[in-house]
Amino acid sequence: AQYGTGTMPAREAIRWLVTEGALIFSDSRKIIVPELSHDRFHEILFARKNLETEVSRQAFDNIGATDIEALERIDEQINDAIAQGDLVSYMRGNYQFHFHIYRLSQSQVLLPLIEILWLQYGPSMRYICTRWGASSIADDYHREVTQALRRGDLASFCEAIAADIEQGMLLLE
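Taken in order, the sequence shown gives residues 143 to 315; the numbers are from my numbering.
Possibly wrong hints are sitting among the right ones.
Claimed, not checked - Quick list of in silico lysine to any residue cross-link-like pairs, SDA-like style, CA-CA up to 20 Å:
{"hint": "1", "residue 1": "Lys191", "residue 2": "Leu255"}
{"hint": "2", "residue 1": "Lys172", "residue 2": "Glu154"}
{"hint": "3", "residue 1": "Lys191", "residue 2": "Ala304"}
{"hint": "4", "residue 1": "Lys191", "residue 2": "Ile258"}
{"hint": "5", "residue 1": "Lys191", "residue 2": "Asp181"}
{"hint": "6", "residue 1": "Lys191", "residue 2": "Leu178"}
{"hint": "7", "residue 1": "Lys191", "residue 2": "Asp295"}
{"hint": "8", "residue 1": "Lys191", "residue 2": "Gln238"}
{"hint": "9", "residue 1": "Lys191", "residue 2": "Gln250"}
{"hint": "10", "residue 1": "Lys191", "residue 2": "Phe241"}
{"hint": "11", "residue 1": "Lys191", "residue 2": "Asp281"}
{"hint": "12", "residue 1": "Lys191", "residue 2": "His242"}
{"hint": "13", "residue 1": "Lys191", "residue 2": "Leu259"}
{"hint": "14", "residue 1": "Lys172", "residue 2": "Leu159"}
{"hint": "15", "residue 1": "Lys191", "residue 2": "Gln248"}
{"hint": "16", "residue 1": "Lys191", "residue 2": "Leu246"}
{"hint": "17", "residue 1": "Lys191", "residue 2": "Arg245"}
{"hint": "18", "residue 1": "Lys172", "residue 2": "Pro265"}
{"hint": "19", "residue 1": "Lys191", "residue 2": "Glu286"}
{"hint": "20", "residue 1": "Lys191", "residue 2": "Pro265"}
{"hint": "21", "residue 1": "Lys191", "residue 2": "Met311"}
{"hint": "22", "residue 1": "Lys172", "residue 2": "Trp158"}
{"hint": "23", "residue 1": "Lys191", "residue 2": "Ala305"}
{"hint": "24", "residue 1": "Lys191", "residue 2": "Tyr283"}
{"hint": "25", "residue 1": "Lys172", "residue 2": "Ser266"}
{"hint": "26", "residue 1": "Lys191", "residue 2": "Ser266"}
{"hint": "27", "residue 1": "Lys191", "residue 2": "Pro254"}
{"hint": "28", "residue 1": "Lys172", "residue 2": "Ile156"}
{"hint": "29", "residue 1": "Lys191", "residue 2": "Cys300"}
{"hint": "30", "residue 1": "Lys191", "residue 2": "Val251"}
{"hint": "31", "residue 1": "Lys191", "residue 2": "Phe202"}
{"hint": "32", "residue 1": "Lys191", "residue 2": "Ser249"}
{"hint": "33", "residue 1": "Lys191", "residue 2": "Leu296"}
{"hint": "34", "residue 1": "Lys191", "residue 2": "Tyr237"}
{"hint": "35", "residue 1": "Lys172", "residue 2": "Val160"}
{"hint": "36", "residue 1": "Lys191", "residue 2": "Leu252"}
{"hint": "37", "residue 1": "Lys172", "residue 2": "Arg153"}
{"hint": "38", "residue 1": "Lys172", "residue 2": "Pro151"}
If you are wondering where the hints come from, they were derived from the structure by calculation, not from laboratory data.
Since the structure is predicted, the reported quantities are computational estimates derived from the model, not experimental observations.
Work the whole structure out from these sequences, hints included.
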(Lines of atoms letter the chains of each structure in order from A and count residues from 1; the text may use other names and numbers.)
(Lines give C-alpha, C1' and ligand atoms only; values in the text may rest on other atoms or scores of the structure.)
Protein backbone atom coordinates (compact mmCIF):
# COMPACT_ATOMS: atom_id res chain seq x y z
CA ALA A 1 0.00 0.00 0.00
CA GLN A 2 2.96 2.31 0.66
CA TYR A 3 3.79 2.32 -3.06
CA GLY A 4 0.21 2.74 -4.22
CA THR A 5 -0.30 -0.93 -4.97
CA GLY A 6 -2.60 -3.43 -3.36
CA THR A 7 -2.53 -7.20 -3.21
CA MET A 8 -4.18 -7.71 -6.59
CA PRO A 9 -1.29 -6.34 -8.73
CA ALA A 10 1.14 -8.46 -6.70
CA ARG A 11 -1.03 -11.55 -7.14
CA GLU A 12 -1.32 -10.92 -10.86
CA ALA A 13 2.45 -10.52 -11.13
CA ILE A 14 2.99 -13.78 -9.25
CA ARG A 15 0.45 -15.58 -11.45
CA TRP A 16 2.22 -14.26 -14.53
CA LEU A 17 5.61 -15.47 -13.22
CA VAL A 18 4.09 -18.89 -12.48
CA THR A 19 2.58 -19.02 -15.98
CA GLU A 20 5.97 -18.15 -17.51
CA GLY A 21 7.75 -20.85 -15.48
CA ALA A 22 9.83 -18.46 -13.36
CA LEU A 23 8.02 -19.47 -10.14
CA ILE A 24 6.01 -22.48 -9.00
CA PHE A 25 3.50 -23.15 -6.26
CA SER A 26 4.79 -25.82 -3.88
CA ASP A 27 2.63 -28.38 -2.10
CA SER A 28 2.71 -26.30 1.08
CA ARG A 29 1.18 -23.29 -0.71
CA LYS A 30 4.51 -21.52 -0.88
CA ILE A 31 5.79 -19.84 -3.99
CA ILE A 32 9.29 -21.00 -4.90
CA VAL A 33 11.82 -20.77 -7.70
CA PRO A 34 11.79 -24.04 -9.65
CA GLU A 35 14.88 -26.20 -9.45
CA LEU A 36 16.98 -26.03 -12.58
CA SER A 37 17.41 -29.72 -13.41
CA HIS A 38 20.14 -30.95 -15.73
CA ASP A 39 17.65 -31.56 -18.56
CA ARG A 40 15.91 -28.20 -18.09
CA PHE A 41 19.29 -26.45 -18.02
CA HIS A 42 20.31 -27.99 -21.34
CA GLU A 43 16.96 -27.15 -22.94
CA ILE A 44 17.28 -23.52 -21.86
CA LEU A 45 20.90 -23.37 -23.06
CA PHE A 46 19.90 -24.82 -26.45
CA ALA A 47 16.97 -22.43 -26.80
CA ARG A 48 18.95 -19.38 -25.70
CA LYS A 49 21.87 -20.05 -28.03
CA ASN A 50 19.62 -20.62 -31.01
CA LEU A 51 17.04 -17.90 -30.41
CA GLU A 52 19.46 -15.22 -29.23
CA THR A 53 21.92 -15.89 -32.03
CA GLU A 54 19.08 -15.67 -34.58
CA VAL A 55 17.72 -12.44 -33.09
CA SER A 56 21.25 -11.01 -33.07
CA ARG A 57 21.62 -11.95 -36.74
CA GLN A 58 18.33 -10.17 -37.46
CA ALA A 59 19.50 -7.10 -35.52
CA PHE A 60 22.92 -6.90 -37.19
CA ASP A 61 21.98 -4.54 -40.04
CA ASN A 62 20.11 -2.26 -37.63
CA ILE A 63 23.09 -1.74 -35.30
CA GLY A 64 24.74 1.61 -35.91
CA ALA A 65 27.78 3.40 -34.53
CA THR A 66 25.80 4.94 -31.66
CA ASP A 67 24.54 1.48 -30.69
CA ILE A 68 28.08 0.10 -30.67
CA GLU A 69 29.20 3.01 -28.49
CA ALA A 70 26.27 2.38 -26.14
CA LEU A 71 27.18 -1.33 -25.94
CA GLU A 72 30.79 -0.42 -25.14
CA ARG A 73 29.63 1.93 -22.35
CA ILE A 74 27.37 -0.77 -20.93
CA ASP A 75 30.26 -3.25 -21.05
CA GLU A 76 32.48 -0.78 -19.16
CA GLN A 77 29.76 -0.49 -16.50
CA ILE A 78 29.57 -4.29 -16.32
CA ASN A 79 33.33 -4.53 -15.86
CA ASP A 80 33.19 -1.87 -13.12
CA ALA A 81 30.40 -3.79 -11.40
CA ILE A 82 32.44 -7.00 -11.53
CA ALA A 83 35.51 -5.22 -10.13
CA GLN A 84 33.39 -3.84 -7.27
CA GLY A 85 31.63 -7.15 -6.64
CA ASP A 86 28.29 -5.46 -7.39
CA LEU A 87 26.26 -8.41 -8.66
CA VAL A 88 23.00 -6.49 -9.01
CA SER A 89 24.64 -3.94 -11.32
CA TYR A 90 26.43 -6.72 -13.18
CA MET A 91 23.18 -8.60 -13.86
CA ARG A 92 21.33 -5.42 -14.82
CA GLY A 93 24.15 -4.42 -17.18
CA ASN A 94 24.36 -7.86 -18.75
CA TYR A 95 20.61 -7.74 -19.43
CA GLN A 96 20.92 -4.22 -20.90
CA PHE A 97 23.82 -5.29 -23.13
CA HIS A 98 22.03 -8.28 -24.60
CA PHE A 99 18.60 -6.70 -24.93
CA HIS A 100 20.01 -3.54 -26.52
CA ILE A 101 21.03 -5.83 -29.36
CA TYR A 102 17.95 -8.05 -29.34
CA ARG A 103 15.46 -5.17 -29.45
CA LEU A 104 17.11 -3.91 -32.63
CA SER A 105 15.92 -7.09 -34.34
CA GLN A 106 12.36 -5.80 -33.95
CA SER A 107 11.24 -9.42 -33.63
CA GLN A 108 7.65 -9.69 -32.48
CA VAL A 109 7.87 -13.44 -31.83
CA LEU A 110 11.40 -14.34 -30.74
CA LEU A 111 12.01 -11.46 -28.33
CA PRO A 112 9.17 -12.44 -25.95
CA LEU A 113 10.43 -16.05 -25.99
CA ILE A 114 13.92 -14.89 -25.06
CA GLU A 115 12.53 -12.78 -22.22
CA ILE A 116 10.76 -15.87 -20.84
CA LEU A 117 13.99 -17.88 -21.00
CA TRP A 118 15.82 -15.14 -19.09
CA LEU A 119 13.07 -15.22 -16.46
CA GLN A 120 13.45 -18.97 -16.11
CA TYR A 121 17.21 -19.11 -15.70
CA GLY A 122 17.76 -15.74 -13.98
CA PRO A 123 17.30 -16.90 -10.39
CA SER A 124 19.82 -19.69 -10.88
CA MET A 125 22.32 -17.27 -12.41
CA ARG A 126 21.87 -14.92 -9.47
CA TYR A 127 22.53 -17.83 -7.10
CA ILE A 128 25.77 -18.70 -8.92
CA CYS A 129 26.92 -15.09 -8.95
CA THR A 130 26.18 -14.73 -5.26
CA ARG A 131 27.86 -18.01 -4.37
CA TRP A 132 31.06 -17.71 -6.42
CA GLY A 133 31.37 -13.95 -6.69
CA ALA A 134 32.53 -11.65 -9.43
CA SER A 135 35.51 -13.75 -10.48
CA SER A 136 33.15 -16.44 -11.78
CA ILE A 137 31.57 -14.06 -14.28
CA ALA A 138 34.51 -11.92 -15.36
CA ASP A 139 35.25 -13.67 -18.66
CA ASP A 140 32.45 -12.68 -21.01
CA TYR A 141 32.52 -12.16 -24.77
CA HIS A 142 31.09 -8.65 -24.86
CA ARG A 143 34.30 -7.13 -26.20
CA GLU A 144 34.37 -9.72 -28.99
CA VAL A 145 30.75 -8.80 -29.77
CA THR A 146 31.53 -5.08 -30.11
CA GLN A 147 34.76 -5.70 -32.04
CA ALA A 148 32.90 -7.88 -34.54
CA LEU A 149 30.27 -5.16 -34.91
CA ARG A 150 32.96 -2.55 -35.57
CA ARG A 151 34.44 -4.79 -38.28
CA GLY A 152 31.01 -5.50 -39.77
CA ASP A 153 31.67 -9.22 -39.30
CA LEU A 154 28.30 -10.96 -38.95
CA ALA A 155 29.72 -14.47 -38.48
CA SER A 156 32.10 -13.42 -35.68
CA PHE A 157 29.33 -11.35 -34.08
CA CYS A 158 26.98 -14.34 -33.94
CA GLU A 159 29.77 -16.62 -32.71
CA ALA A 160 30.61 -14.17 -29.91
CA ILE A 161 26.94 -13.95 -28.87
CA ALA A 162 26.69 -17.75 -28.74
CA ALA A 163 29.99 -18.04 -26.84
CA ASP A 164 28.86 -15.42 -24.31
CA ILE A 165 25.60 -17.26 -23.67
CA GLU A 166 27.36 -20.58 -23.30
CA GLN A 167 30.08 -19.17 -21.02
CA GLY A 168 27.53 -17.57 -18.72
CA MET A 169 25.21 -20.55 -18.59
CA LEU A 170 27.94 -23.16 -18.14
CA LEU A 171 28.64 -21.56 -14.77
CA LEU A 172 25.32 -23.09 -13.72
CA GLU A 173 26.19 -26.64 -14.74
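For each hint, the structure was consulted:
no., hint, verdict
1, Lys191 to Leu255, "12 Å, holds"
2, Lys172 to Glu154, "16 Å, holds"
3, Lys191 to Ala304, "5 Å, holds"
4, Lys191 to Ile258, "14 Å, holds"
5, Lys191 to Asp181, "15 Å, holds"
6, Lys191 to Leu178, "17 Å, holds"
7, Lys191 to Asp295, "18 Å, holds"
8, Lys191 to Gln238, "17 Å, holds"
9, Lys191 to Gln250, "18 Å, holds"
10, Lys191 to Phe241, "14 Å, holds"
11, Lys191 to Asp281, "18 Å, holds"
12, Lys191 to His242, "17 Å, holds"
13, Lys191 to Leu259, "11 Å, holds"
14, Lys172 to Leu159, "14 Å, holds"
15, Lys191 to Gln248, "18 Å, holds"
16, Lys191 to Leu246, "17 Å, holds"
17, Lys191 to Arg245, "16 Å, holds"
18, Lys172 to Pro265, "17 Å, holds"
19, Lys191 to Glu286, "16 Å, holds"
20, Lys191 to Pro265, "18 Å, holds"
21, Lys191 to Met311, "10 Å, holds"
22, Lys172 to Trp158, "16 Å, holds"
23, Lys191 to Ala305, "8 Å, holds"
24, Lys191 to Tyr283, "14 Å, holds"
25, Lys172 to Ser266, "18 Å, holds"
26, Lys191 to Ser266, "17 Å, holds"
27, Lys191 to Pro254, "15 Å, holds"
28, Lys172 to Ile156, "12 Å, holds"
29, Lys191 to Cys300, "10 Å, holds"
30, Lys191 to Val251, "16 Å, holds"
31, Lys191 to Phe202, "16 Å, holds"
32, Lys191 to Ser249, "16 Å, holds"
33, Lys191 to Leu296, "16 Å, holds"
34, Lys191 to Tyr237, "15 Å, holds"
35, Lys172 to Val160, "12 Å, holds"
36, Lys191 to Leu252, "12 Å, holds"
37, Lys172 to Arg153, "13 Å, holds"
38, Lys172 to Pro151, "18 Å, holds"
Comparing the model with each numbered hint stated earlier shows that all of them hold.
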